[in-house]
Every structure is written in C-alpha cells, then in structure tokens.
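Based on the hints, put chain B in the right spot on chain A.
From first to last, the protein sequence lines are chains A and B.
Going by our numbering, the first residue of the first sequence is number 1, and it counts up by one from there.
Going by our numbering, the first residue of the second sequence is number 1, and it counts up by one from there.
Please note that a few of the clues may not be correct.
[As the list claims (entries may be wrong)] Below are the DSS-like pairs computed for lysine-lysine, each with C-alpha atoms no more than 25 angstroms apart in a straight line:
(1) B/75 to A/77
(2) B/116 to B/42
(3) B/237 to B/166
(4) B/213 to B/42
(5) A/75 to B/166
(6) B/223 to B/23
(7) B/315 to A/58
(8) B/75 to A/75
(9) B/297 to B/282
(10) A/77 to B/166
(11) B/259 to B/213
(12) B/116 to B/213
(13) B/259 to B/237
(14) B/223 to B/213
(15) B/315 to B/42
No lab work stands behind these hints, which were simulated from the structure alone.
Since this is a predicted model, take the numbers as computed values, not measurements.
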Amino acid sequence: MSKEWPLWEIFIRGQHGLSHRHVGSLHAPDAEMALKNARDVYTRRNEGVSIWVVESNKITAFDPDAAEHNFAAPKSKVYRHPTFFDIPEDVGAM
Amino acid sequence: MYAQLVETGQSEGTEQELEFQAKIDRGVRIEANDWMPEGYRKTLIRQIGQHAHSEIVGQLPEGNWITRAPSLQRKAILLAKVQDEAGHGLYLYCAAETLGISRDEMTAQLLSGKAKYSSIFNYPTLTWADMGAVGWLVDGAAIMNQVPLQRCSYGPYSRAMIRICKEESFHQRQGFDIMRQLCQGTDDQKAMAQDALNRWWWPSLMMFGPSDKDSVHSEQSMKWGIKQNTNDELRQKFVDQTVPQAEWLGLTVPDPELKWNEEKGGYDFGEPDWSEFFEVIKGNGPCNRDRLEARNKAWDDGEWFRDGLTAHAEKQQQHNIAAE
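This is chain A alone, in the form it adopts within the complex:
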C-alpha cells in the first residue's frame, strides 16, 4: 500500500502589501508539490500574489480547551484601549 501524503497548511497573500493569511490545507508528497497544488486549488480566480506552505505537523498550537485560561489576562486591562481615556471633544483628535 502506498504511503499517505502529509497534510500542508496553505497561506496566501491576497494582494501586494497584505500579510499571508491561512486559507485551508491540502495533501501533497513534498513542499514543492504542495505549492503547485495550492496554486491550482486556492488561486484559480487570481486570489493571490504569493503562497506559503507549512507542513501541518510543524505547527504548534495552544490547547483549545485551555483558551479561557490562556487569554484571560488582558480582559481586566481595559486601559490598553484608547477609549479608556476620556478626552474632551474640544481638545480635538488624539
């Protein structure tokens, strides 16, 4: 039986100046094939000017069940938002 191809995550730069964004994934035997497949699968309507591929198992992520704990700290730090400070209207834009 032939070996199953690894999964690749695909990132595409939609237009010049923007960052690459994750658009989906696909299977391919190696990085070069992953790039070519990604081009054919994800940019058929000219959706991109650049593609990155990363093997899925190279991605490290937080445990989604621990999200509440992992992202709790900034919730109490409301002063990190500019709207926390009341600037009177007649002072002008700031």
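Only chain B this time, still in chain A's reference frame:
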C-alpha cells in the same frame, strides 16, 4: 521621529533599479524575497533597526517611574505602556530581520553604541509630570511620524507600523490624561506640568530630525518610498496639532516666537537648538551613558536565563528523539 539622520545609499541607474523604482512609483509594496538595490536594503536595515532600538531604549525613561506612580491604576497603565514599547521593538526587529540582518547583530550594534536610537530618550524623566509630557508630546510626535510610515514601500515595515499605530493611540491619550489631571489640580501640580512641558517641548521638536535644507538623506529615502513627508512638514503638523492642546490645558509653550500665521494656516515657531541635537546624537546628551549602561547590564544579567532556556529546549529535543 524614531529614526533620525538615516544614511542612504545612492541609486546607480541600472535597468533592474529602474524597474524597481517603477514598481515603487506604482505603489507596489516590496517584499523580503523581491530584488532590491543594496542601498535600499541597507537604508531600511538602518532605519528599522534604529526604530526598534528606540522602542527598546524608550522603555527606560518611563520604566523609571513604574515603582513610584501615584496610584495603583496609574502604575498598571504605565506598566502596560512600557510593555507595549517592548512589543513594538519586537515587531520592528523581526521586520528588519527579513532584510538579512540577525537579531543578535542588531543587539550588538546597539550595545556597542554603533547603532543609534532616537535622541529623545537621552533626556531624564525628573518628575511624575514627565510621564504625562512624554506620552502627550513624545508619543504624539512619534505617531505623527509613524502614521505615514504605514504606507512605506517595504511590506514588512509597513505592516509592523499598522499594528504599532493601532496600539500607540492609547499612549498619547494616557499622557494627555496625566497632564489634564495635573493641570486641573493644585497650583503646585499645574506648575509641575508646566515644568515638564518646558523641558520636553524642544527635544520633542528635534525628534523630527534636522531642517529639510540640512537633511542630506531625505531625498533618496522619499524617492524609495521609505519616507513620505519631510522633517519640516511633520514638525509643522505636530506644532499645529499640539499648541491648541497646550492652550486647552492652560499651559504655555516655551517659545517666544510662537505665533499663529493666518496666511499659511499654521503656527510660526522658533528654531530648536540644533547644536544640542547633534551633541545628543554624538552621545553627549544628559543620559546617553546611563541608557547604554542599562541596556548592557540587562543583556549581561539576562545571559544565564537565555542560556537556561536554550539548554532546556535542547534537552526537550533529546527527549523527543529518544521517545520516537
């Protein structure tokens, strides 16, 4: 401006360079793997590096007041602001690294004094009111400079600036909020705010760099889309925005030549003392030595910790290999 007197190379006019210039003129962003002239690459490494160093050294004057903030809330806010500066330094170092310089090389250049950072961070923060003045004036001037940099021709720099600008607005507003509270307080508190304005006004105007007629590198930087406005344009904009805010606070801008000019629709104002600026840039400002000593100490004191983390990572890797 967080990057001052950035030296630029010269374009040599080859066909490849002409194509590159045409791309910039069309407003197309340049990305890390695109061809670019050596001068463009070097200019950006210097500018982004200087900008990153400024964010990092910029933590020191404000860090000075974290333990002495007048309330727990002010302390938490100041701490959050200084954390932001560290974050901004990181975004920028990473943007510079896309151009082929390593983080360690940049750090070494800062620590040896070879790389510059903004002149403004070589002034001392003597009173709590300085936290207000720094946020209001220094961050105000930085925003003035950074907003157009969001359209910089180099993609990674422009994207870092978009993120930074979004976060920076809190900085200026918290500074103004400190000034406002002092100005609405006792006579002594208001005098403290006035004193801070007196000391920070001219160094803030110097942040934009020397006058256009003396700014030898501006022209090439503007042609390459690295810089969008001249030093004098940005300085004028800053004065026009800030003077009414000072008036609102009931403070006096320490410039006898300051006068509204109806015809140009902006203020006329005096010339900063450029000899002071060049002395500070050369390393002879009031705090240059302190700042570099503090950065060197932080780097040296952190060595065992960095090494520890590396050793741990290596050990984990060994474990993983053994487990496979």
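Hints versus structure:
1. B/75 to A/77: holds, 12 angstroms
2. B/116 to B/42: holds, 14 angstroms
3. B/237 to B/166: Distance of about 20 angstroms is within 25 angstroms: holds.
4. B/213 to B/42: The hint holds at about 23 angstroms.
5. A/75 to B/166: holds, 18 angstroms
6. B/223 to B/23: Within the cut-off at roughly 12 angstroms; holds.
7. B/315 to A/58: holds, 19 angstroms
8. B/75 to A/75: holds, 17 angstroms
9. B/297 to B/282: The hint holds at about 21 angstroms.
10. A/77 to B/166: Measuring from Cα to Cα gives roughly 16 angstroms; hence the hint holds.
11. B/259 to B/213: Answer holds: residue 259 of chain B to residue 213 of chain B is near 22 angstroms, not above 25 angstroms.
12. B/116 to B/213: Holds, because 22 angstroms separates the two Cα atoms, which is no more than 25 angstroms.
13. B/259 to B/237: holds, 14 angstroms
14. B/223 to B/213: holds, 17 angstroms
15. B/315 to B/42: violated, 38 angstroms
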